[in-house]
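Colleague: Residues 939 to 1187, numbered by this note's numbering, are exactly what the sequence shown covers, in order.
Keep in mind that the hints are not guaranteed to be accurate.
Calculated cross-link-like contacts (lysine-lysine; reagent style DSSO-like; alpha-carbon spacing at most 27 Å) [as the list claims (entries may be wrong)]:
| id | residue 1 | residue 2 |
| --- | --- | --- |
| 1 | Lys1056 | Lys1150 |
| 2 | Lys1112 | Lys984 |
| 3 | Lys1150 | Lys984 |
| 4 | Lys1112 | Lys1150 |
| 5 | Lys1150 | Lys1045 |
| 6 | Lys1045 | Lys1056 |
| 7 | Lys978 | Lys1045 |
| 8 | Lys1163 | Lys1112 |
| 9 | Lys1150 | Lys1163 |
If you anchor each label on the Cβ, the simulated ranges turn out as follows [stated by the list, open to error]:
| id | residue 1 | residue 2 | range |
| --- | --- | --- | --- |
| 10 | Thr1174 | Ala941 | 18 to 24 Å |
| 11 | Thr1005 | Gly1139 | 46 to 52 Å |
| 12 | Thr1166 | Gly1021 | 18 to 24 Å |
| 13 | Val1128 | Pro1063 | 30 to 36 Å |
These are calculated hints, taken from the structure and not from any lab test.
Using N, Cα and C, we set each Cβ at its ideal position, and we do this for glycine too.
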Amino acid sequence: MGALDGIGAIVTGSSRGIGADVAQLLAAEGAAVVVNYRQKAPRANKVAAGIEAAGGRAVAVGADLTTPEGPAALVDAAVSNFGGLGLLVLNASGGMESGVGEDYALKLNRDAQVNMLKAAAEVMPAGSRVVFVTSHQAHFIDTVPTMDAYEPVARSKRAGEDALRDLIPMLENKGIRLVVVSGDMIEGTVTATLLDRAAPGAIEARRSEAGKLYSVAEFAAEIVKMVTADVPTGHTELVGGARGFVPQG
939 MGALDGIGAI
949 VTGSSRGIGA
959 DVAQLLAAEG
969 AAVVVNYRQK
979 APRANKVAAG
989 IEAAGGRAVA
999 VGADLTTPEG
1009 PAALVDAAVS
1019 NFGGLGLLVL
1029 NASGGMESGV
1039 GEDYALKLNR
1049 DAQVNMLKAA
1059 AEVMPAGSRV
1069 VFVTSHQAHF
1079 IDTVPTMDAY
1089 EPVARSKRAG
1099 EDALRDLIPM
1109 LENKGIRLVV
1119 VSGDMIEGTV
1129 TATLLDRAAP
1139 GAIEARRSEA
1149 GKLYSVAEFA
1159 AEIVKMVTAD
1169 VPTGHTELVG
1179 GARGFVPQG
């Protein structure tokens, strides 16, 4: 018996990287997972197939969270395939991609997060949990500057976190907890690669300052720990600490 047996879950942006690892770990604990992708159907189908091959339950669902119908499609998939929704992991983010509009970061990292949570909260029972995944560079952007190439994304993700926190009273009325998980740069992610390309040496410099940068698998495991952790709503988990962002005692 897993800790999440019988719970329907949505993990946004889970066709690869951190989201894919989170989906697999949740399924290993018994959750039935909606694996979300925007364009990469083969990747998402592979993640879902791997979960099912290991004895878990999963379905891959294409949905662009920046559209009105995207969040609803994911909620509908959880309810129709698994009978309900008890966990939402808000992992999808972006804004450094080429060919996107100037407002895309805010549309995805703020507006889409709010719309996804509102859609999910309509069907989530008391005792459900929402986990928002962010970075130290975004969480602390109002007090600690970040690299120029990442600042628009960082500010949009912080705006998303603030907007989600504004919904805590509504969530409390429904018995739903919101937890924020913040990590440093994560080795091997698309964002880290793009940042290092924009500012060569950025990853090595941050690794030296932080002392350690988590891998995708390590960070995903920390996110999954917070799914069942006994913490109050609104709690922020600073994975690995936050050297360079908070004063050291």
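Colleague: Are the hints correct? Go through all of them and say.
Modeller: To see whether the hints hold, each was checked on the structure:
{"no.": "1", "hint": "Lys1056 / Lys1150", "result": "violated, 36 Å"}
{"no.": "2", "hint": "Lys1112 / Lys984", "result": "violated, 35 Å"}
{"no.": "3", "hint": "Lys1150 / Lys984", "result": "violated, 30 Å"}
{"no.": "4", "hint": "Lys1112 / Lys1150", "result": "violated, 38 Å"}
{"no.": "5", "hint": "Lys1150 / Lys1045", "result": "violated, 32 Å"}
{"no.": "6", "hint": "Lys1045 / Lys1056", "result": "holds, 15 Å"}
{"no.": "7", "hint": "Lys978 / Lys1045", "result": "holds, 20 Å"}
{"no.": "8", "hint": "Lys1163 / Lys1112", "result": "holds, 23 Å"}
{"no.": "9", "hint": "Lys1150 / Lys1163", "result": "holds, 19 Å"}
{"no.": "10", "hint": "Thr1174 / Ala941: 18 to 24 Å", "result": "holds, 22 Å"}
{"no.": "11", "hint": "Thr1005 / Gly1139: 46 to 52 Å", "result": "violated, 38 Å"}
{"no.": "12", "hint": "Thr1166 / Gly1021: 18 to 24 Å", "result": "holds, 20 Å"}
{"no.": "13", "hint": "Val1128 / Pro1063: 30 to 36 Å", "result": "holds, 34 Å"}
Violated hints, listed in ascending order, are 1, 2, 3, 4, 5 and 11; each of the other numbered hints is respected by the structure.
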